[in-house]
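S.K.: Between the sequences and the hints, there should be enough to build the whole structure, so can you do that?
Chains A and B supply the protein sequences, listed in that same order. The first sequence begins at 6 in our numbering and counts up by one. The second sequence begins at 627 in our numbering and counts up by one.
Be a bit skeptical, because a hint or two may be false.
Claimed, not checked - To be clear about the criterion: a stretch of chain B counts as covered by chain A if any three or more of its residues have a C-beta under 8 Å from a C-beta of chain A, and this derived list gives those stretches:
id: 1; stretch: 666-677
id: 2; stretch: 729-739
Stated by the list, open to error - Here are the computed lysine-lysine pairs in the DSBU-like style, where the Cα-Cα straight-line distance is at most 30 Å:
id: 3; chain 1: B; residue 1: Lys696; chain 2: A; residue 2: Lys63
id: 4; chain 1: B; residue 1: Lys683; chain 2: A; residue 2: Lys73
id: 5; chain 1: A; residue 1: Lys76; chain 2: B; residue 2: Lys683
id: 6; chain 1: A; residue 1: Lys99; chain 2: B; residue 2: Lys683
id: 7; chain 1: B; residue 1: Lys679; chain 2: A; residue 2: Lys62
id: 8; chain 1: B; residue 1: Lys639; chain 2: A; residue 2: Lys99
id: 9; chain 1: A; residue 1: Lys27; chain 2: B; residue 2: Lys644
id: 10; chain 1: B; residue 1: Lys629; chain 2: A; residue 2: Lys111
id: 11; chain 1: B; residue 1: Lys644; chain 2: A; residue 2: Lys111
id: 12; chain 1: A; residue 1: Lys47; chain 2: B; residue 2: Lys696
id: 13; chain 1: B; residue 1: Lys697; chain 2: A; residue 2: Lys99
id: 14; chain 1: A; residue 1: Lys47; chain 2: B; residue 2: Lys683
id: 15; chain 1: A; residue 1: Lys27; chain 2: A; residue 2: Lys76
id: 16; chain 1: B; residue 1: Lys644; chain 2: A; residue 2: Lys47
id: 17; chain 1: B; residue 1: Lys644; chain 2: A; residue 2: Lys99
id: 18; chain 1: B; residue 1: Lys639; chain 2: A; residue 2: Lys111
id: 19; chain 1: B; residue 1: Lys679; chain 2: A; residue 2: Lys27
id: 20; chain 1: B; residue 1: Lys696; chain 2: B; residue 2: Lys644
id: 21; chain 1: A; residue 1: Lys27; chain 2: A; residue 2: Lys73
id: 22; chain 1: B; residue 1: Lys639; chain 2: A; residue 2: Lys47
id: 23; chain 1: B; residue 1: Lys681; chain 2: A; residue 2: Lys47
id: 24; chain 1: B; residue 1: Lys629; chain 2: A; residue 2: Lys62
id: 25; chain 1: A; residue 1: Lys62; chain 2: A; residue 2: Lys111
id: 26; chain 1: B; residue 1: Lys697; chain 2: B; residue 2: Lys679
id: 27; chain 1: B; residue 1: Lys681; chain 2: A; residue 2: Lys111
id: 28; chain 1: B; residue 1: Lys629; chain 2: B; residue 2: Lys683
id: 29; chain 1: B; residue 1: Lys679; chain 2: B; residue 2: Lys696
id: 30; chain 1: B; residue 1: Lys681; chain 2: A; residue 2: Lys99
id: 31; chain 1: B; residue 1: Lys629; chain 2: B; residue 2: Lys639
id: 32; chain 1: B; residue 1: Lys697; chain 2: B; residue 2: Lys681
id: 33; chain 1: A; residue 1: Lys27; chain 2: A; residue 2: Lys99
id: 34; chain 1: A; residue 1: Lys47; chain 2: B; residue 2: Lys697
id: 35; chain 1: A; residue 1: Lys27; chain 2: B; residue 2: Lys683
Quick caveat, the hints were computed from the structure, so don't treat them as lab data. As the structure is a computational prediction, the values presented were derived from the model and not from experiment. Where a beta carbon is used, it is the ideal one built from N, C-alpha and C, also for glycine.
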Amino acid sequence: GENVEQHPSTLSVQEGDSAVIKCTYSDSASNYFPWYKQELGKRPQLIIDIRSNVGEKKDQRIAVTLNKTAKHFSLHITETQPEDSAVYFCAASKGDSGYSTLTFGKGTMLLVSP
Amino acid sequence: DVKVTQSSRYLVKRTGEKVFLECVQDMDHENMFWYRQDPGLGLRLIYFSYDVKMKEKGDIPEGYSVSREKKERFSLILESASTNQTSMYLCASSTLGGKGNTIYFGEGSWLTVV
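M.R.: As structure tokens, this is what we get:
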């Protein structure tokens, strides 16, 4: 089955800095890669996703890049703010299948200090 | 707005008790999932269901069972709770195909087994 590795497990940055979280996946058939943000005591929520036919996607201060050859994808957050502090999960799945499941990384705790 | 509701947010049960965790979604989603979240281990899939009365094992099904009698409701059952099942349990749902496999999570149920 799919295996998703995520690094780093914790990341501390100063407000205004950039943060990068990296994930690798094992199944070359995976084609859908979402990122979830989980604030303390709350549910994980989708913040951005990318499909294998796209190399990069941006949404304001958040971007995700995908390298299919190397089987890795990354989340980039620019101009970090204290409200970006949360646990971030990457995931992978074969999105064409109606009931294929997401395999998650173990999460990265991002702490943004004022 | 997708709503996935887990009826019990915090539970304390004794070892050997039978435990029911209930989840309801209001978006007519075909797929429903139960994940377990533990620090440092990320989100691990216990069971999922892609249709009424259908169920599939995830990565860690041992000690759990599920029930899906109606499309909107997916129950997780711990037949005989053990202390190593103390965890946060997250229910989720997604539509079939469409936007890949974006899944929507409930708020989570914190279970402590003593």
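S.K.: So which hints don't hold here, by number, going up?
M.R.: 3, 7, 8, 9, 17, 19
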